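For reference, the chains in residue letters:
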Amino acid sequence: AQKVTQAQTEISVVEKEDVTLDCVYETRDTTYYLFWYKQPPSGELVFLIRRNSFDEQNEISGRYSWNFQKSTSSFNFTITASQVVDSAVYFCALSESTGGGNKLTFGTGTQLKVEL
Amino acid sequence: DAEITQSPRHKITETGRQVTLACHQTWNHNNMFWYRQDLGHGLRLIHYSYGVQDTNKGEVSDGYSVSRSNTEDLPLTLESAASSQTSVYFCASSEGRGVSYNEQFFGPGTRLTVL
Numbered sequence: 001a002q003k004v005t006q007a008q009t010e011i012s013v014v015e016k017e018d019v020t021l022d023c024v025y026e027t028r029d030t031t032y033y034l035f036w037y038k039q040p041p042s043g044e045l046v047f048l049i050r051r052n053s054f055d056e057q058n059e060i061s062g063r064y065s066w067n068f069q070k071s072t073s074s075f076n077f078t079i080t081a082s083q084v085v086d087s088a089v090y091f092c093a094l095s096e097s098t099g100g101g102n103k104l105t106f107g108t109g110t111q112l113k114v115e116l
Numbered sequence: 001d002a003e004i005t006q007s008p009r010h011k012i013t014e015t016g017r018q019v020t021l022a023c024h025q026t027w028n029h030n031n032m033f034w035y036r037q038d039l040g041h042g043l044r045l046i047h048y049s050y051g052v053q054d055t056n057k058g059e060v061s062d063g064y065s066v067s068r069s070n071t072e073d074l075p076l077t078l079e080s081a082a083s084s085q086t087s088v089y090f091c092a093s094s095e096g097r098g099v100s101y102n103e104q105f106f107g108p109g110t111r112l113t114v115l
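Chains as they are written, first to last, in the working numbering: chain A, 1 to 116; chain B, 1 to 115.
Please keep in mind that the hints were generated in silico from the structure rather than gathered at the bench.
In this text the structure is predicted, and so the values were computed from the model without any measurement.
A couple of the hints might just be wrong.
Unchecked claim - Stretches of chain B that chain A covers, calculated by requiring three or more beta carbons in the stretch to come under 8 Å of a beta carbon on chain A:
#1 32-45
#2 79-85
#3 90-96
C-beta atoms are modelled at their ideal positions from N, C-alpha and C, and glycine is treated no differently.
All chains should be built: construct the whole structure from the sequences, respecting the hints.
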C-alpha cells in the first residue's frame, strides 16, 4: 500500500530564510504521481505542483523549487527567501496508476510558520 | 467561472442523527472525492466516484455513504453521526475518468461537530 511521510510536523523560520519541507513516499508502482498542496490559514487547499515518476528534473517556480529523487523516494519542497504569506500547512500527496485511479494519499502535513 | 462548492460550511449535530453534506462542482469533472481532515492524520479518503452511478469506498468509509446521480453532485451522508466523525470535510474533483495524473480541485470545506 502507498504511504506518504512528512516527518516535520512544524517548522518556524524568520522571514527571508530558506526552508525545505521533506516528503518521503512508498509505492510498489513504477508509474505514479506526486503532488504538493498548500493550505493557508483560511483553510482552502491550493494545488502547487505535480510530478510524474518518469520526470526527475527539478522544477523552479519563482521562490519555490522541488527536488524529486527516485533513489531516495523523496519529493522535497524548498521555499527560498520565505515570506510571512508562506505561512501555511503544506501537504505532499501520492497518486498511483495501477488500480489507483486518481485517489490521493496524503502525508500528515507540515505547518510552516514564517515570522518577521 | 467553474467552481466547487460545499454546504453547509459549518454544522453542529447530535449523536445518532443523519447528516448530509453537499458537494457541487461546475467543472463537469468525472471524478469526485470526499476527504476528512483531522489533526495528525492529514487528509484521508472517505469515498470517491469516477462517474455517474459509480461509487467506491476509501480508507475511512465506515459510517459514511455517497451516491452519484449526476455529474455535478456527490452528497456525503453520515447515517448515524458519532463524535468520532467530528472533523473538517473536503470535497474535491478532477477531470479524466479515473486518470491518475490530474490535480484535484478542492471545495472550501465543511466543519462538522457532533455533540
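Structure-based check of each hint:
no. : hint  : result
1   : 32-45 : holds (count 8)
2   : 79-85 : violated (count 0)
3   : 90-96 : holds (count 4)
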